[in-house]
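S.K.: Given next are the chains, with one letter for each unit.
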Amino acid sequence: MPPYAISQGFMNLNILFTLAFAVTTFLVSFISYKVYKLTYRKELKLFSFAFLSFAFAYILQLILGIVLKYKLETVVRAKFRTVVPFITASTFSHEILFSVGLILLVYMTYKTRSKQLFGLLLGLVLIPILFNPMSIHVFHIISSFMLMFLVLFYYRNYRAHKNLKTKLVLIAFVFLLISNFTFIFAARQGLFFILGRSLELIAYVCVLVNLRLLRK
Amino acid sequence: MKQKRESLQVIHDILKAIQIGRTKPTHIMYKANLSHQMLEQYLMELIKKGVITETKTPKGRTYALTDKGLGYLKEYKLITGFMESYGLD
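The listed protein sequences derive, respectively, from chains P and G. Each residue of the first sequence is one higher than the one before, counting from 1 in the working numbering. Each residue of the second sequence is one higher than the one before, counting from 1 in the working numbering.
No lab work stands behind these hints, which were simulated from the structure alone. Note that the coordinates shown come from a computational prediction; the quantities given were computed from them, not determined experimentally. By construction, the Cβ of each residue, glycine as well, lies at the ideal position given by its N, Cα and C atoms. No false leads were slipped in.
Label pairs and their calculated CB-CB ranges:
#1 P:V23 / G:P58: 50 to 60 Å
#2 P:K111 / G:E40: 25 to 35 Å
#3 P:Y110 / G:K59: 46 to 56 Å
#4 G:H12 / P:L16: 35 to 45 Å
#5 P:R113 / G:E40: 23 to 33 Å
#6 P:R113 / G:R61: 27 to 37 Å
#7 G:Q37 / P:S198: 49 to 59 Å
#8 G:T57 / P:L213: 38 to 48 Å
Kindly produce the complete structure, drawing on both the sequences and the hints.
M.R.: This is how it looks when you write it as structure tokens:
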């Protein structure tokens, strides 16, 4: 969570949201790995790593959220700068981990085993994030772009298997795309951050409902 | 894409045939509706992955499920549902 101007009240809620996102993504990663151990399909291992990467990204956000809340409550604004390096490092790590997760998902949609393609995707996505001073904007723009590809992929998947489970996954990725797009404007207006987080919550509720249906 | 889903179904059919106890290849072939060559390929793959075990007796070969094989049958709905949901099939 970048240090956007958001209310103290939402900060508490945001910590709970982030915890829910971390648990959900970890759960998807765990189930994917479990299915991989039963079927030995390589794509399931990659999928599991992708969601594990998301889970770690959210855990970092969670730690950042807790630190920010604690610091804002206990220190005067003048001392706030002492946590700036931590905010920068954790925000940056979150961007990298989340991007790696998305790269893995996009790579999988090509159903190829080309290491060159994977390397190319890594470079094209991570270099602009690593070397751009406005990395948070670049991160959300590139993430939105990758999510667009994923939405198209899951739309095609839904067309091929029209049922509630595939529809839920499609809806989840549509909401993730919109929320990521919303985050681009969050630095200017804190309201966009709240909106983005709420849309993200809807996305992960869809993922959870899908997991519940799989267990029925 | 379709081929992979079919292979999951074939594995399911093979394991279902073996589930009843020590099973001979002819019975599996009949139950899973496979050619002899295809069956041999699947059986070799499943033994390698530790899903089934092979026992050689004077009367011929028999196959039995391992815990992993039982797990596959138990979680088959989850496997296919998960893979279909995320386009991994």
